[in-house]
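Asks: Build out the structure end to end from the sequences listed, making use of the hints.
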Amino acid sequence: MARRRKESHWVCATTDDQRLPFSDSWHAPAREPGDSHSARPLRQSIDSNPPKEAPVAVESRDTTVGTPAPDFALPSVDGEEFTLASFSGASALLVAFVCNHCPYVQHIESSFGALTGEYAKHGLATVAICTNDADAYPDDDAEHLQAQANRAGWQFPYLIDADQRVGLAYGAVCTPDLFLYDADRRLAYHGAFDESTPGNHKPVTGASLRAAFDLVLAGKPVPLPHRPAMGCSIKWRPGNEPSA
Numbered sequence: 001m002a003r004r005r006k007e008s009h010w011v012c013a014t015t016d017d018q019r020l021p022f023s024d025s026w027h028a029p030a031r032e033p034g035d036s037h038s039a040r041p042l043r044q045s046i047d048s049n050p051p052k053e054a055p056v057a058v059e060s061r062d063t064t065v066g067t068p069a070p071d072f073a074l075p076s077v078d079g080e081e082f083t084l085a086s087f088s089g090a091s092a093l094l095v096a097f098v099c100n101h102c103p104y105v106q107h108i109e110s111s112f113g114a115l116t117g118e119y120a121k122h123g124l125a126t127v128a129i130c131t132n133d134a135d136a137y138p139d140d141d142a143e144h145l146q147a148q149a150n151r152a153g154w155q156f157p158y159l160i161d162a163d164q165r166v167g168l169a170y171g172a173v174c175t176p177d178l179f180l181y182d183a184d185r186r187l188a189y190h191g192a193f194d195e196s197t198p199g200n201h202k203p204v205t206g207a208s209l210r211a212a213f214d215l216v217l218a219g220k221p222v223p224l225p226h227r228p229a230m231g232c233s234i235k236w237r238p239g240n241e242p243s244a
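Numbering of the sequence shown is given in the UniProt record's numbering, commencing with residue 1 and proceeding in unit increments.
Bear in mind the hints are in silico, worked out from the structure with no lab data behind them.
Please read these numbers as outputs of a predicted model, since none were measured by experiment.
Note that beta-carbon positions come from the ideal geometry of N, C-alpha and C, so glycine has one too.
One or more of the hints may lead you astray.
Using 35 Å as the maximum straight-line C-alpha spacing, the simulated DSBU-like pairs for lysine-lysine come out as follows [unchecked claim]: (1) Lys202 x Lys121; (2) Lys220 x Lys202; (3) Lys121 x Lys220.
Derived CB-CB ranges, DEER-like [said to hold, decoys possible]: (4) Thr83 x Ala120: 11 to 21 Å; (5) Lys220 x Gln146: 32 to 42 Å; (6) Lys121 x Ala244: 18 to 28 Å.
Replies: Take a look at the structure:
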């Protein structure tokens, strides 16, 4: 049995609020040709007596660069409706699947707000979407999402994907899960904010996403592979879980 890392004490909640520490090591996995949708569970370090259904921190799924952004029509936390066309004037669009309760999102939320605000001056539009089941996770309801946006200084729309169709259309599986689209709304970057995760003691810099912003706004491709985003699994309503 692997030893528990002392610093790996951050957790994601499950439906029965079981908790589990985890490690954060990542190496680009070998990929089969044409395999663009394989989920990659995070390697974990567990206690000698883990719960029967231990929660798993997951990495974002591979999504093919060049894929067009799926359309959407969703209400924001303050009731205004937004669609993909609402951001048509932007040189690049970041679609960020996030939530309030996840420690991975909380870990970067203030820096995320500052970075996206900085690049808004250069033509970037950002939209956040919460796909989590708010009935099962009331900390992710509209009131709590609005409070999160306020404390983190977010200056972009925060949308509610109540029926979870948009999250499924994008292939989102975790929070945060970041999709950056170019001026033609083709996927240019799908990856991490930076190397920092709760408990790994690396500074929150936003370096990975910043580098992607610079390239995409300059009309250049983001070299592969993209370091995957890592976080809590999206909390799906029963029957909505994406296929493996």
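Asks: Run every hint past the structure and note whether it holds.
Replies: Cross-check of the supplied hints:
1. Lys202 x Lys121: Holds. Lys202 to Lys121 sits at ~28 Å (cutoff 35 Å).
2. Lys220 x Lys202: Holds, because 28 Å separates the two Cα atoms, which is no more than 35 Å.
3. Lys121 x Lys220: Roughly 19 Å separates the two Cα atoms, so the pair holds.
4. Thr83 x Ala120: 11 to 21 Å: 19 Å, holds
5. Lys220 x Gln146: 32 to 42 Å: 36 Å, holds
6. Lys121 x Ala244: 18 to 28 Å: Taking Cβ atoms as reference, Lys121 and Ala244 lie about 41 Å apart, which means the hint is violated.
Going down the numbered hints, you'll see the structure goes against just number 6.
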